[in-house]
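Listed below, chain by chain, are the residues.
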Amino acid sequence: MASSILVVGEVEEGRLATITAEMLGAARRLSGDGTVTCALIGSGVEASGQAAIALGADEVIVVDDAALAEYNTDTYLQAMLKVAEQASAPIILFGQTDMGRDLAPRLAFRLDTGVIMDTIELAMDGDRLQGTRPCYGGNARAINVVRGDPQIATVRAKSQDLAAEDSSRQGTVTKIDAAIDQSAVRVKVIERSGVSAEGVRLEDADVVVSGGRGLGGPENFDVIEDLASALGAAVGASRAVCDLEWRPVSEQVGLTGKVVSPTLYIAVAISGASQHMAGCSGSKNIVAINKDADANIFKAARFGIVEDFAKVMTPLIEAVKQEKGG
Amino acid sequence: MHIVVCVKQVPDWDIPPSSFKIDEALNQVVPPPGVAAVPSQFDTIGVEAAMRLKDEAPDTKVTIMSMGAESARDVIKHSLAMGADEGVLLTDALFENLDWYQISLVLSTAIKKLEGVDLVVCGRQAVDWDMGVAGSGIAEMLDWPALTIGKQVKVSDGTLSVERVLMDGFETVEAPLPAVVTVSNELGEPRYPKLQQIMQAAKKQVTIWAAADLGLDDSQLGAGARKLTLEKLYVPVSNVECEFMEGDTPEEMAQNLAKKLAEAKLI
Ligand SMILES: Cc1cc2nc3c(=O)[nH]c(=O)nc-3n(C[C@H](O)[C@H](O)[C@H](O)COP(=O)(O)OP(=O)(O)OC[C@H]3O[C@@H](n4cnc5c(N)ncnc54)[C@H](O)[C@@H]3O)c2cc1C
Chain A
1 MASSILVVGE VEEGRLATIT AEMLGAARRL SGDGTVTCAL IGSGVEASGQ AAIALGADEV
61 IVVDDAALAE YNTDTYLQAM LKVAEQASAP IILFGQTDMG RDLAPRLAFR LDTGVIMDTI
121 ELAMDGDRLQ GTRPCYGGNA RAINVVRGDP QIATVRAKSQ DLAAEDSSRQ GTVTKIDAAI
181 DQSAVRVKVI ERSGVSAEGV RLEDADVVVS GGRGLGGPEN FDVIEDLASA LGAAVGASRA
241 VCDLEWRPVS EQVGLTGKVV SPTLYIAVAI SGASQHMAGC SGSKNIVAIN KDADANIFKA
301 ARFGIVEDFA KVMTPLIEAV KQEKGG
Chain B
327 MHIVVCVKQV PDWDIPPSSF KIDEALNQVV PPPGVAAVPS QFDTIGVEAA MRLKDEAPDT
387 KVTIMSMGAE SARDVIKHSL AMGADEGVLL TDALFENLDW YQISLVLSTA IKKLEGVDLV
447 VCGRQAVDWD MGVAGSGIAE MLDWPALTIG KQVKVSDGTL SVERVLMDGF ETVEAPLPAV
507 VTVSNELGEP RYPKLQQIMQ AAKKQVTIWA AADLGLDDSQ LGAGARKLTL EKLYVPVSNV
567 ECEFMEGDTP EEMAQNLAKK LAEAKLI
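The listed protein sequences correspond, in order, to chains A and B.
Once you know that position 149 of the first sequence is 149 in my numbering, the rest is easy, because the numbers rise by one and skip nothing.
Just add 326 to wherever you are in the second sequence, counting from 1, and you've got my numbering.
Hint data in this document are derived by calculation from the structure and do not stem from the laboratory.
For glycine and all other residues, C-beta sits at the position ideal for the given N, C-alpha and C.
Be aware that one or more of the hints could be misleading.
Residues on chain B that point at chain A, a partial pick, calculated with CB under 10 Å [what the hints assert, rightly or not]:
hint: 1; residue: 340
hint: 2; residue: 459
hint: 3; residue: 580
Generate the whole structure from the sequences, applying the supplied hints.
Encoded structure:
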């Protein structure tokens with residue numbers, strides 16, 4: 001059991017991010033009777049403190065400052081160092097998010113300790129955190145332990161179960177002053193452009209339809225979009241497709257793209273390379289449509305069709321509409 | 327400008343998953359026989375990023391740095407053939423089985439020893455361990471800024487400007503040199519060396535440094551100094567059995583699939 005765990009929270013559009021809730025669930029399980037602290041760094045984040053307590057935090061540390069309105073490695077690292085000192089927890093968890101990917105290693109090296117990135121399972125071995133993480137492009141799993149202190153890890157989205165929300169839970173909220181030393185801020189954020197996906201958000205979708213290079217061209221994504229809209233699904237893609245600029249990078253599923261874990265994942269003309277599977281192997285049911293019976297994707301699929309997509313997609317969209325209608 | 331690109335030699339990732347093997351007793355990957363090690367994909371993209379800067383400013387010097395076995399000379403040669411100027415091979419029995427803290431220590435110490443380096447380019451992660459922390463580690467140890475996961479890298483008037491890939495968009499960030507940048511595949515395809523460049527590369531200088539040349543020893547690089555240990559490495563097992571849809575025509579297969587999905591309450 002861990003005496004205390006610090007979860008570095010994130011707030012998205014005024015709400016506690018799902019990954020933060022998942023980490024609070026994990027921290028609750030790992031710490032037993034220990035203290036779970038949730039850090040909220042940003043501008044206008046204090047309001048989410050109560051949500052963090054309801055989801056398992058005993059203590060919330062808030063660093064709320066206009067200078068922290070958007071993520072910047074240098075300002076956030078300063079804030080994070082203050083939070084880590086205040087919490088003095090032996091274990092610090094970040095989400096494997098834009099922020100976690102960048103900030104967790106910086107904090108680890110600054111504190112002369114180690115970090116386990118992108119964990120999908122967490123366990124305690126005495127006072128040491130064991131993190132299991134995919135590596136070798138998803139072909140292997142490694143179990144790592146941090147020997148330095150504090151022990152830092154990032155946690156992959158959807159890998160941990162939420163704790164039951166209890167709005168009657170009590171906790172404390174401590175505010176600390178950011179007091180950013182601007183002279184130590186070397187990085188400047190010039191501009192940020194968001195790609196706001198229409199319809200269902202890929203990483204939250206319960207059904208995902210993804211297309212691969214075997215579709216032959218961006219125009220053939222019509223059938224992917226039509227099937228997705230018949231199912232109320234989000235659209236995903238393989239990296240090959242995003243590299244060819246047939247689809248935006250924000251739709252990429254995989255090791256270096258998004259991790260999805262829907263109830264149903266339909267992969268059309270995707271070979272199922274380990275790096276792609278790294279992003280979708282948490283799906284409860286995978287369906288594959290591929291003309292090559294030996295394609296790797298079938299090894300992970302529950303249902304499969306070996307056929308040219310051009311021949312099956314239109315009848316499939318029709319049949320799905322009928323099943324849903326009837 | 328002097329740019330150092332860190333390039334790691336890794337087992338070829340472009341192999342069928344069925345030939346991926348691990349020796350569980352040694353916690354090590356066993357490459358399939360006859361398949362040569364290759365430069366890590368994102369590191370070659372790092373070389374491309376450096377070469378694009380050199381295309382703009384031809385007096386730029388690009389040094390390729392690789393830590394690894396003697397065979398890592400091959401990945402340096404490949405990068406030199408892409409147009410880089412010099413190589414540094416960091417090789418020593420003490421450099422085997424390091425953790426990321428130690429890797430960053432060796433690389434940052436070697437970068438300091440080179441003197442006058444303005445920019446360090448790394449891949450966003452190495453394609454063997456997929457950890458993605460070495461660039462940040464080097465930056466911390468040099469006390470330089472790091473701009474991570476870039477798809478475009480520009481330098482003007484001593485300022486590094488990087489377009490970063492985010493989960494749902496992009497952002498442009500700047501930092502003064504010296505600095506570290508890590509790059510992602512969205513940067514674009516790396517250039518392919520021409521035959522003549524491959525021949526020229528054979529004549530370019532590769533400096534070899536061991537731990538002692540960097541003033542490092544067992545107290546920093548030994549197992550006892552590790553901040554992270556590997557307890558176990560294994561291949562996850564999947565026990566899914568695919569049920570292939572039958573049918574004389576594609577229409578029939580499609581209808582059968584829709585039926586199965588409805589029966590399983592998936593639609
Ligand atoms: C470090 C690293 C990170 C990576 N990260 C990612 C990642 O995040 N996400 C990702 O997806 N990939 C990633 N990759 C790339 C990955 O290795 C594969 O190259 C990629 O996933 C292949 O995409 P694909 O399946 O669409 O294309 P291909 O491998 O070209 O497969 C196309 C498939 O379509 C089938 N096909 C062709 N024509 C038809 C037809 N008419 N009807 C039906 N089927 C057809 C073929 O049989 C084949 O199986 C990464 C690679 C590396 C090295």
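Against the structure, the hints:
1. 340: OK, holds: residue 340(B) within 10 Å of chain A, min 9 Å.
2. 459: holds, 4 Å
3. 580: Since the shortest Cβ distance to chain A is 4 Å, the answer is holds.
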